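Peer 1: Chain by chain, the residues:
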Amino acid sequence: MTERYVYMDHSATTAVDRSVLEAMLPYFSEEFGNPNSLHIWGRKARKAVNEAREKVAALVGADASEIIFTGGGSEADNLAIKGAAFARRDKGRHVITTAIEHHAVIDAFHWLEDQGFEVTVLPVDERAMVGISDLESAIRPDTILVSMMYANNEVGTFQPVAEAARICNDRGIIFHVDGVQAAGHIPFNVRDMGIDMLTMSAHKMYGPKGVGGLYIRKGVKIQPIVHGGGQERGLRSGTENTAGIVGFGAAADLASMRFTDGSIEEEVRLRDLLIDSVTSSIEDAYLTGHRTERLPFHASFCIGSLEGESMLLRLDAAGIGASSGSACTSGSLEPSYVLLAMGITHELAHGSLRFSLGKDTTREDIVYVAENLKKIVADLRALSPLWKNRG
Amino acid sequence: MYTEKVMELFMNPKNAGRMEDPDGVGEVGNPRCGDIMKIYIKVKDERIVDISFETFGCASAIASSSMVTEMVKGLTLDEALAISNKDVVNALGGLPPQKIHCSLLAEEGIQAAIEDYRAKRKAGVEAKA
Ligand SMILES: Cc1ncc(COP(=O)(O)O)c(C=O)c1O
Ligand code: FES
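Read top to bottom, the protein sequences are chains Y and H. At position 17 of the first sequence the residue is numbered 17 (the numbering used here), and the sequence of numbers has no breaks. Count along the second sequence from 1, then add 1000; that gives the number in the numbering used here.
Just so you know, not all the hints are guaranteed correct.
[Claimed, not checked] Below, in silico cross-link-like pairs of lysine-lysine (DSSO-like), each with a Cα-Cα straight-line distance of 27 Å or less:
#	chain 1	residue 1	chain 2	residue 2
1	H	Lys1073	H	Lys1014
2	Y	Lys374	H	Lys1005
3	H	Lys1014	Y	Lys374
4	H	Lys1122	Y	Lys388
5	H	Lys1014	Y	Lys375
6	H	Lys1042	H	Lys1014
Calculated from the structure, these hints are not laboratory results. As the structure is a computational prediction, the values presented were derived from the model and not from experiment.
Given these sequences and hints, build the entire structure.
Peer 2: What follows is the structure in structure tokens.
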């Protein structure tokens, strides 16, 4: 079939790194103890969980006591949003989020709406950025919670989270950040930035799937969703996923290392090479999201007169893994709400493509993807009734 | 998700591209997801002697276009009008449920092209008379 395979869908998930896997392996059969048991088996597992908590905390500048482990990013988002809203509902019923959040956040807000909360959804500009003045004017005396993602999964844009945090801090509003795409990929410090709660997910940073983390600043009170044995300071009951948590810790270590060895800078160079190759060699191809204020591993486009699913399948046949927010690729047959919120037309949103690079992506991979995409676009445009230069 | 037949026609579609001087052109759009299919036909003695398509849509839409053009080539106009999207789906070895609507474009595209041909012919006859 194809002689080369290039996975460029790291926003969807990443491979568990070898070092992470090796750290995890002993915690399945040898060190299998329940971290809540008093005996030697339990104590060993407890020690491993505590060490992982230190590592995850260090990744974002938090104290270990401020990290709660969950069963993934979606659960951490739900815990943060529902937990904070219910803990503070006597202070007010107004909550704020943005138009481009992940479903784990948006749908949690919809659920809050059903429970009698009032939700304001902030718009974004054409590069998917929220305006700080929009946030300021949306805030009311009864606003209790603001949730804004650090970086968008579909178009890569960073939000002005530090400014938004300051505004919320000044007014005593809890500020939650969905950092699933950003954590482990760019260095930042929750304390310096004034973030009250931060969601992280291990599988987006070379750790295992089904393990997440929620940073909750000391002093912020939230209600649990899962009740039971009182693990994780009573905020997430259930016997800890020891191996998964150990894997998260190892992934956080790996990420911290990548912050200091020039990996991120190289990733940015490769990302920019891909963006420049695609936008300069393919006519009617546009970058989506912000040109510079974006995830270092993230390049997303809209390709005019084409449809995403057909491009994905042709890329797949060439051994390239990518993703799209086109209507035909969504179960609902609606184009991505993120692209629509940015003011991109239905027609152009049809041709959305996302390439997300990984730590093992090479310059050759970028060249391979750019060359193949160019050829695929030309082939498919020969079939498109919308393409002007056809025939 | 797709059958081998769908993938084969999607990767190597038959009768693809614009046609010069067609006798009839049908352009139909898909209200579900906003896709467009254009069918060009050449007609001789009430028979489709040549056909081609252009499609802006997913793999299922492209494969359906290719399949329907192969199915109706050589048929009389009335025979071609009797081809339904079910026939196209069957010939493709099936489509996923959420992709059935794409095959409707193929049925409608052929109908629109034949209607266009008949309307033009009628107008031509009247103009001569
Ligand atoms: C921005 C964002 N938030 C939340 C999630 C959900 O994380 P998880 O897959 O760990 O539940 C994702 C994953 O796709 C994401 O990209
Ligand atoms: S053409 Fe849109 S789903 Fe098939």
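Peer 1: Quick one, are Lys1073 (chain H) and Lys1014 (chain H) close enough, alpha carbons at most 27 Å?
Peer 2: 11 Å, holds
Peer 1: Run the distance test for Lys374 (chain Y) versus Lys1005 (chain H): straight-line Cα separation, threshold 27 Å.
Peer 2: 25 Å, holds
Peer 1: Is Lys1122 (chain H) close enough to Lys388 (chain Y), meaning Cα to Cα at most 27 Å?
Peer 2: Between Lys1122 (chain H) and Lys388 (chain Y) the Cα gap is close to 31 Å, so the pair fails against 27 Å, i.e. violated.
Peer 1: Would you check the hint for Lys1014 (chain H) and Lys375 (chain Y), treating anything up to 27 Å between C-alpha atoms as holding?
Peer 2: 19 Å, holds
Peer 1: Holds or violated: Lys1042 (chain H) and Lys1014 (chain H), Cα atoms, limit 27 Å.
Peer 2: 16 Å, holds
Peer 1: Quickly compare the C-alpha distance for Lys1014 (chain H) and Lys374 (chain Y) to 27 Å and report which way the hint goes.
Peer 2: 22 Å, holds
Comparing the model with each numbered hint stated earlier shows that hint 4 is the single one that does not hold.
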